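Chain residues, written in single-letter form:
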Amino acid sequence: MEKSSVTHATFTIERTYPVTPDQVFAAFADPAKKRRWFFPEQGAQVEEHEMNFHVGGAERKTFRVEQGMSCRNETFYQDIVPDERIVFAYTMSVEGRPISSSQSTVELLPDGKKTRLLFTEQAAFFEGADGPEMRQSGWNSLFTRLNSQFAQS
Amino acid sequence: MTQGCVTHSTFIIERNLASSPERVFAAWSDPVQKRRWYAEGERGSVEAHHLDFRVGGSEHTTTIIGGGPFKGTALTNDSVYLDIVPNQRIVFAYTMTLGEKRISASQATVEFLADGKGTIMAFTEQSAFFEGADGAEMREQGWKSLVGQLEKFLAR
Amino acid sequence: MSVSSQQVAVNRVFHALGDPTRRAIVEQLSAGPVSVSRLAVPLRITLAAVVQHLQVLEESGLVQTEKIGRVRTCRIEPKGLSVAEKWINDRRAFWERRFDRLGKMLEEDQK
Chain A
660 MEKSSVTHAT FTIERTYPVT PDQVFAAFAD PAKKRRWFFP EQGAQVEEHE
710 MNFHVGGAER KTFRVEQGMS CRNETFYQDI VPDERIVFAY TMSVEGRPIS
760 SSQSTVELLP DGKKTRLLFT EQAAFFEGAD GPEMRQSGWN SLFTRLNSQF
810 AQS
Chain B
39 MTQGCVTHST FIIERNLASS PERVFAAWSD PVQKRRWYAE GERGSVEAHH
89 LDFRVGGSEH TTTIIGGGPF KGTALTNDSV YLDIVPNQRI VFAYTMTLGE
139 KRISASQATV EFLADGKGTI MAFTEQSAFF EGADGAEMRE QGWKSLVGQL
189 EKFLAR
Chain C
197 MSVSSQQVAV NRVFHALGDP TRRAIVEQLS AGPVSVSRLA VPLRITLAAV
247 VQHLQVLEES GLVQTEKIGR VRTCRIEPKG LSVAEKWIND RRAFWERRFD
297 RLGKMLEEDQ K
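Chains as they are written, first to last, in the working numbering: chain A, 660 to 812; chain B, 39 to 194; chain C, 197 to 307.
One chain only, chain A, in its complex shape (with noise of 0.2 Å):
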């Protein structure tokens, strides 16, 4: 019998900000504010970026991680409640294999002058499922290529 190759986890993180929720939400609709948070600080690393934030849109990414190993993103939005909620599933893969693919659940809830952001992500991880397995050393340095590429510079 072969192994299944998919393992699926959830996992949340809470954050509080000192500003109402349709500042918060903006930052996510507002391809201007997102790239300034949610984007590496070299521009240049980036090479497609298009962004549809609506139901049923589609957002890509490509980028090159050191030594050239291409990393490719797609996101696409499941549901959006201005201010409230944004739900979109999002995929990763390297060298043109897939590696992941998550559902993200983003909840703005109003407390007082402030907003309390609460992530779910809900995520599946298809590991040496199509190929020769990458080795775990493969894994180890192409995740700190990964968090290198997105480091506070």
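Hints are computed from structural coordinates only; laboratory data are not their basis.
Only a predicted model underlies this, so the values are computations on that prediction, with no experimental measurement involved.
Derived DSSO-like pairs: lysine-lysine, alpha-carbon spacing no greater than 30 Å straight-line:
{"id": "1", "chain 1": "C", "residue 1": "Lys300", "chain 2": "A", "residue 2": "Lys772"}
{"id": "2", "chain 1": "A", "residue 1": "Lys692", "chain 2": "C", "residue 2": "Lys307"}
{"id": "3", "chain 1": "A", "residue 1": "Lys773", "chain 2": "C", "residue 2": "Lys300"}
{"id": "4", "chain 1": "C", "residue 1": "Lys307", "chain 2": "A", "residue 2": "Lys693"}
{"id": "5", "chain 1": "A", "residue 1": "Lys720", "chain 2": "A", "residue 2": "Lys692"}
{"id": "6", "chain 1": "A", "residue 1": "Lys720", "chain 2": "C", "residue 2": "Lys300"}
{"id": "7", "chain 1": "C", "residue 1": "Lys307", "chain 2": "A", "residue 2": "Lys773"}
{"id": "8", "chain 1": "C", "residue 1": "Lys300", "chain 2": "A", "residue 2": "Lys692"}
{"id": "9", "chain 1": "A", "residue 1": "Lys693", "chain 2": "A", "residue 2": "Lys720"}
With the hints as your guide, set chains B and C onto chain A.
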């Protein structure tokens, strides 16, 4: 931990099917076959079913509910395919809309594992339920009954 | 089907790393082994609390403790994280960093 309005849950349905992975996969990937076991059924009448089975492709299914408190209401599923490995794995994200209201968004993983001449099919749904949604138990029941329809279809 | 053991292991690691104090402990241990009593100091929690957290971390396979003489020392278990676990950890870290940056941006825009 703050309480939000969205409920998240995960369930898995596993089935031993007598058909080969290729045959089971085809029931999911071929629009004609998919319509038969997935869209058509006792729940109501099919108003629409379109399937564009490729990564990034979508599926749209509308049925009119036949009975119960929501009789006459349109139930719509909209899927986008996120990952496809022929005869092995399908990953898709779908939303369910009842009337005008979107009630849930889910990521579904279907895995097909060869088991002798048959297949072990594992269906994992990771759901986000909004206000007015059916909820995890009912959703799981719903898929169990669909899987039953798939089994009947494959056995014909 | 061998889904279960992998899934159970991931859930255990998830639970272990879902707590910020435990994440801080793991981060501290990444720099090298530390005695249990010394772990408590920067975290400013009681020894009893550290011991409880360490129990969870040991169960998840992330951390190993060993008593030599009267001193109990903790170290990161090198084989602790499977690829899937590392990946999920990476996903969480990815989003944590971004939400930190979001906070900074919102603060800047208020001024």
